[in-house]
Amino acid sequence: MYSKKVLETFRFPKNIGEIKNPDGLGKVGNPTCGDVMWVYIKVNKNKKGQEIIKDIKVKTFGCVAAISTSSVLTTMAKGMTLEDALKIDKQKIAKELGGLPPSKMHCSVLSMEGLRKAIEDYKNKKASAD
Amino acid sequence: MYSKKVLETFRFPKNIGEIKNPDGLGKVGNPTCGDVMWVYIKVNKNKKGQEIIKDIKVKTFGCVAAISTSSVLTTMAKGMTLEDALKIDKQKIAKELGGLPPSKMHCSVLSMEGLRKAIEDYKNKKASAD
Amino acid sequence: MKQVYLDHAATTPLDKRVLDAMKPYFSEKFGNASSLHSFGTDAMEAIEKARESIAKVINAKSEEIVFTSGGTESDNLALQEIGYSNRGKGNHIITTKIEHHAVENTCKFLEKDGFEVTWLDVDKEGFVDLNELEKSITGKTILVSVMHANNEIGTIEPVAEIGKICKSKGVYFHTDTVQSLGKEKIDVEAMNIDLLSASAHKFYGPKGIGFLYVRKGTKINPLMQGGIHEKGLRPGTENVPGIVGMEKALNLAEKEMEKENIKERKLAKKIVEGVLKIENSWINGPPVGKKRLSNNINLGFDFVEGESMVLMLSDKGIAASTGSACSTKSLKPSHVLRAIGLQLVKCHGSLRVSLGKGTSAKDINYFLQELKPIVKRLREISPLGGK
Amino acid sequence: MKQVYLDHAATTPLDKRVLDAMKPYFSEKFGNASSLHSFGTDAMEAIEKARESIAKVINAKSEEIVFTSGGTESDNLALQEIGYSNRGKGNHIITTKIEHHAVENTCKFLEKDGFEVTWLDVDKEGFVDLNELEKSITGKTILVSVMHANNEIGTIEPVAEIGKICKSKGVYFHTDTVQSLGKEKIDVEAMNIDLLSASAHKFYGPKGIGFLYVRKGTKINPLMQGGIHEKGLRPGTENVPGIVGMEKALNLAEKEMEKENIKERKLAKKIVEGVLKIENSWINGPPVGKKRLSNNINLGFDFVEGESMVLMLSDKGIAASTGSACSTKSLKPSHVLRAIGLQLVKCHGSLRVSLGKGTSAKDINYFLQELKPIVKRLREISPLGGK
Ligand SMILES: Cc1ncc(COP(=O)(O)O)c(C=O)c1O
Ligand SMILES: Cc1ncc(COP(=O)(O)O)c(C=O)c1O
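Residue numbers (the numbering used here), protein chains in the order written: chain A, 1 to 130; chain B, 131 to 260; chain C, 261 to 647; chain D, 648 to 1034.
Be a bit skeptical, because a hint or two may be false.
[Claimed, not checked] Cross-link-like lysine to any residue pairs, in silico, SDA-like; alpha carbons within 25 Å at most:
1) 863/D with 663/D
2) 309/C with 131/B
3) 979/D with 147/B
4) 57/A with 127/A
Don't read these hints as lab results, they were simulated from the structure.
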C-alpha cells in the first residue's frame, strides 16, 4: 500500500519535535479525524535580505502517511524563502515520497496547510509587532 | 452417487440376453429418453399347478441403474408365480440394490413395467390361443 | 529478527497436519467430484466424509452443510438469499451495529433495495440487548443476523438466547461464527441456529474455503447459477483439497479447544496487566473471561494513532492490527468501537492483539517490552496530550 | 491396475511445480493481504505480482484482473452484474445455445427477472453464425456472451470477430475461456474482449480459484458485499496460495502450450482413427485441427448409453465423460449435442475424451483396446440395433 520511501521516511522522520518560542506556529487537523499537525518555524533573512525558514519542526499525531509527509515537508521547507515555501503543494510532497495512496493524499494537504498557517502566524505577529 | 450394490450388479448383471420363442415379451421405454428394456419370459406350472416364471431374460439399453435394475428384477422374478411377480414394485427393487438415487427411481419402474408387460403379453397370447 | 504473529483474528497459518491431509487431493485423488469414474467418486467420497464430520461438530445433519469460498460468500448467500427468497413474507431484517463488513454491507445493500433493516445497539462491552432484540421483531421480520463473536473486540453474543427468541417468533436466525468456530462450542440444535457462516482460514485451515450451515427446510435460493452441486445451493467444481483441509482443521481445533482457551486466556490476562501499566491506556470490549473470545485483546491508547503503532510493531517483527480509520481504505474509524460508545478521538488509538496456537509467554513478554517504547515515542512526537 | 485419466476437461491434477510455488504461502507467508504488518504486505506483494503476471498473459492491465473462487463465480459476476448494472441502458443479452451451465443458467435466471435473452443457434460443428449474431444486436443490447471453446465438443468460436462486432456496436463482450485459457492464445486487446472468465483447476492449477478480467471503465458492481478487496469488486480474505498457484500454472501452460497442442492433436487423431473403425460410430464437433481444442474428442456410438460406457471404462482404470442424460442429475441430455442438431437418440451414446500433459500414445492404445469390447458388450445386451 505504501511506497518504500514512505515507510523509510516513517521509520526515520526528520525535524520532529518543537521549537521553543517559534516565530510562527501552525496548528492544523482535528483529533477526532485522526490527524493533527503542529508546525513550528524560525524565520531569518538570507544574504539577499529575503525572509527564509531558518528552522522548522513538527509534532504529528497521525498515521504513517501523516508522519512521513511531516518529515518530507519540513525537509523541503528548511532554508527556503517564505515565498517559495508557500508554493510547496501536495503533489510535490507526494512525489518526494514516491507517491501516496489516493486515500492518503489529504495528509500531504494537511502538512502543507500547517506550514502555510505557521507562515501566516509569523506574518500576523510581525504585523502586530510593527 | 450409486450404492456399492448397484455398481456390483452393473458389473456382473444376471439374466441378460434373450429367450428364443418366449412365452411373453414386454417392450418398454423409449430410445429417445435413453432407456429401453425388453423382458422375455418362459412360463411353466409348479407342483401346485400355479403358473410360474420358469425363465426370464432381459435386454437393456440404458444407464448403470437401468442395467442393475434389469438384473435385480429378473433375479427376483425367476421362479415366482405370475401373481407374485406382478406384486414386485419399484421400492422392492431399489431396496434390493441398497437404494437408488431419486433421479434413477424411474429405472426400477421401467423394469417392473417390462415384466408386467411380458406377463400381459403371455396372458394375451394364451387367451387368443384358447 | 524475532517474528511474533499476534494477528490470528485476521488469518492463521495452515496447520502442517492440515496440509498433510490435503496433499493426496492435489495431484493424486484430484478428480472432479461430479465425474462418474473412480477419480470422481473418490473425490465425492472425500467431500461427503468431510461434510459429515463438519456437520457433526456443530450438531447438524450432513445435508445441511453447503461449501462456499469463505466467510464473505457464506454471509452473502445467507443474507441476500434469505432476503430475496422470503420477501413474500416480509422485508424486515434485524442485525447489529457491530457486524463484520460482509454482513453489514450486505444489509446496507438490501436496505438500498427496499428492505428495512433494524441496526441493534450494543452496550459498552459490545453485547446486544435481548429485550430490544425481541421488541424489534415484527410480523414483517424474516431474519435476525447476530454474529457469535466479534472480530474486533471479542464479545461473545448470547446466541442461544437469541436463537430461542427467533424460534418462538418464527423468524430465521443467522449467525456469523467466522471468529468463534473452533474456539467456542457451537450446537445448532441447542442454540436454535438456522444459518451459520464459517471460514476455514480463521481456524488454521486453508484460505478460499468456508461453509454455510442451512437448516433443513429453510427457504433459500442460490446466489450463483450453474451446475447442480451442493444440493443446488452452490454451483462450481468443488474445492476438494480445501474441503478436506477445512474438515481436518476444524476437528483439530475442536480437540485442542479447551487447552488452547485456557492458555490463551492466561496470556490475554498477562497482556492486559502489562499494558494497563502504561498510562492513558484501556481495554475495549468485555474483560478477559468466558464472555470474550479467548484469543482477542483490544487495547486503547490516548494520543497515538493505531496505524503508526502497527507499523512500528511490525518493524520489530510483531504483527498486530488496529481499528484506526487510517488503516482502512474507507477512512472511517471502526464502526465497532463507535458502537460501544468510544469517543471518536479514542477510536484512532486502538490496537488489536489476537493470539493463537503458536503464541507463547515469551512472545507476550517481547510484545510488551517492545510496545512500551513505541507508545512513548509516538506520544513524544504527538502534539496531543499536552506534554 | 493401469490408470489412464482422459477427463482433463473436467479437471486436471495440480502440477507439482505449482504446488511448490504455493507451499511458502500456506504456513510461512500466510498473512492476510489486508493487514498492515509485514505478513500482510508480503501476502499483498505476492498477490500483486501474480496479478501482473496473469494480466500480461492475456495482454490486460494488472488492475483489470479480479480474483474469484472459480469459473462459475466469474461467469455469475460477469453476467449478473453487467446485467443489473447496465439495466438503465437496456435489458437485452445475447448468448449461445452451447454455453456452460454457469452461463446458461445465469442467463435463464436473468430471463426470469425480466431480461430478454437471445439464444444463438450453432451449426453442426458448434460454430455461431457471425451474421446472425450481428443482426441480433439491438439498441437494447448490453452484453454478448460467447464462450471461447466449448467444454463438450471443443469448438473454438471466432472470438476475435465477435469482439470486433461488439466493439463496433458498443456492447460489452464477455467470453468464458475456462476451457481454452492456457491452451489457446488469448489477447483481450486484439480480440476486443471486455470480460473474460477463467478457472485455475482446468490448467493444472488449484481448485477454488479463478479470475474475471474486466476491462477498465466497464460498468459493473460486485456480486457480494463486504470489505474493500479487489478494487471493490470482490470482497473476502484473498486466497493467496490459490492466486500464486494460478499464476504459476498459467505461466507453465503458456510456455508449454505449443508443444502440448501438437502432441495432443496427434493423439486426438489417433483416437479418431481408432474409434471410427467401430461401426455406427462418429465424431461430435469440428474435425481435429485449429478450430477444435487440441485436447478434446467427443465420440458418438449408436445403441449404447454413455453412463454405462463411462462406468465400464472406469472399471478398466480409464476416466472419461459423457453428455448422456443419465449422467446428469437433471436427466436432460446434453444441450450442446442437441444444439448441434444431433438426434435425441444419438445424444445418449456420447463419450468425451479429454487429453492432458500426462497423456501418452500408450494410454491411447490402452483406451482403444479397452473401448472396443465395451461397446461390443453393451450392444450385445442392448435391444436396439436390431442384431
Ligand atoms: C466475523 C467475520 N465475518 C466474516 C469474515 C469474512 O471472512 P472471509 O474474509 O474469509 O471471507 C471475517 C474475516 O475476515 C470475520 O472476522
Ligand atoms: C466452459 C466452462 N465454464 C465454466 C465452468 C465452471 O468452472 P468451475 O467449475 O471451476 O466453477 C466450466 C467447468 O466446469 C467450464 O468448462
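Violated constraints from the hint list, given by number and in increasing order = 1 and 3
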